[in-house]
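> Residues per chain, in single letters:
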Amino acid sequence: MNVFHFMLHNHEQVLELTAEHLWLVGISTLLAILIGLPLGIVIARIPRLNKPVLASANIIQTIPSLALFGFLLPVPWLGQRADRLAILALTLYALLPIIRNTFTGIRGVDPAVVEAGRGMGLTDSQLLLQVQLPLAMSVILSGVRVALVISVGLATIAAAIGAGGLGEFIFRGLAMVDDQVILAGAIPAALLALIADFGVGWVEKRLQPR
Amino acid sequence: MQPTTTAPVIEFRDVSYSVAGTSVLLGLNLQVQSGETLVLLGRSGSGKTTTLKLVNRLLSPTSGEVWVNGAPTADADVIELRRSIGWVIQEVGLFPHFTIERNIALVPKISGWPASRIRARVEELLRMVGLNLDLATRYPHQLSGGQRQRVGVARALAADPEILLMDEPFGALDPLTRDELQREFLSLQKSLHKTVVFVTHDLREALRLGSRIALMEAGRLVTIATPQDFLQSPDPWAAAYVRAFKDGLEKAARNRQRVEVLE
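Same order as they appear, the protein sequences are chains H and U. In this text, residue positions in the first sequence follow the working numbering: the first is 1, and each later residue adds one. In this text, residue positions in the second sequence follow the working numbering: the first is 1, and each later residue adds one.
Next up, chain H with everything else stripped away, as it sits in the complex (with noise of 0.2 Å):
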């Protein structure tokens, strides 16, 4: 039997699975980006945090993703239910790429850009806002490009929690030592991949500055 034989007699939970998994790093991705950006920004502009905030970011990203998930499993609230774990999980790993392009954007800023915009009587946030920002833009996308690629890799980790997600279809492949069942996990969750990194290098190049 092949795996598309696989897939499509059981597409209703393929497609199941795929859309947890989609959850699971979209959600991630969004608070990633909600809590990074911000964080990236104020880095940027406070010389004295940067060192402490990226050696944070950098550390969470080197501990092994199931260790990780262990180590969030006695915690109270989020331990109730696997999928907050592991969203929780997943921008904690998200975090350092889109912090780190952020602070690397913005600081990549022409200063004769950012000067003449100061002289001219630009305020702190216009400048942010109008100048800093969309010319940093190109550099923070691709950031969560890759936070979005090593999220949805990630992701599948997730099911050995119990968070659900094409995970789910791997580890029972694995279980059953079974390729197809793998693959049938593997190819939707490669396939996510590529379409993120393919979908927001797309913005990317629409939004470039130039």
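Incorrect hints may have been included.
[As the list claims (entries may be wrong)] From the structure, some residues in chain H lie toward chain U, with a derived Cβ separation under 10 Å:
(1) 110
(2) 112
(3) 113
(4) 120
(5) 122
(6) 142
Note that these hints are calculated values from the structure, not bench results. Computed from a predicted structure; not experimentally measured. Virtual Cβ for every residue (Gly too), placed ideally from N, Cα, C.
Guided by the hints, dock chain U onto chain H, whose structure is given.
Okay, now just chain U, sitting in the frame of chain H:
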């Protein structure tokens, strides 16, 4: 040239500025009168750009006071102050992600002008600096260096400020374009009568554009004179500057002859 009874538009009162223990500017006293073009001349690191940035408070003096329009800048609302002063820097200062129109309209827009008035003003300015109206929707990188610099001037003039600060605005241009823009600056200034502080290291530009030339060296104001007086100034620094320029020209000519003889 200007009546001494009127208050200066810009005044430096014993201003010093230092960064991390290094003095960039030492006890500067300087007055800029209404309608004049004061050129700050000097080599790199002499403190001319610092002086300029102290006027619109991109920098704040370590000691002393800068007065603009009869009030110390330290007491002014810094945003208001900057919007009331035109600021022209080398071409890099245009926003690369804004069209020419939006670049020029920047200060009127953040000052809350109605859209129709902004549009009319942009057209007026494009004409004033000799740019085709078609350029309004282009981006800075699609323009030539000379055109970009004209946009820079138009942007600085947008809200019709009384004071213009110009930081080597024509420095990056080829000699022909520079000559053209200098000529246009003179004719604009004839009709607009702005109070201009103009930074350059080019003596020829200083002589051509300035109503007075202030020579700076190592953070101090060395001498201040009209262009005519500057050429005959007994001050050793001024004389050295004049000589360097004359020598430069003669040497270039001599080298050229030598090359021709060799050929």
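> Run the structure past the numbered hints and jot down the numbers of the failing ones, going up.
Hint 6 is the one this structure does not satisfy, whereas the remaining hints hold.
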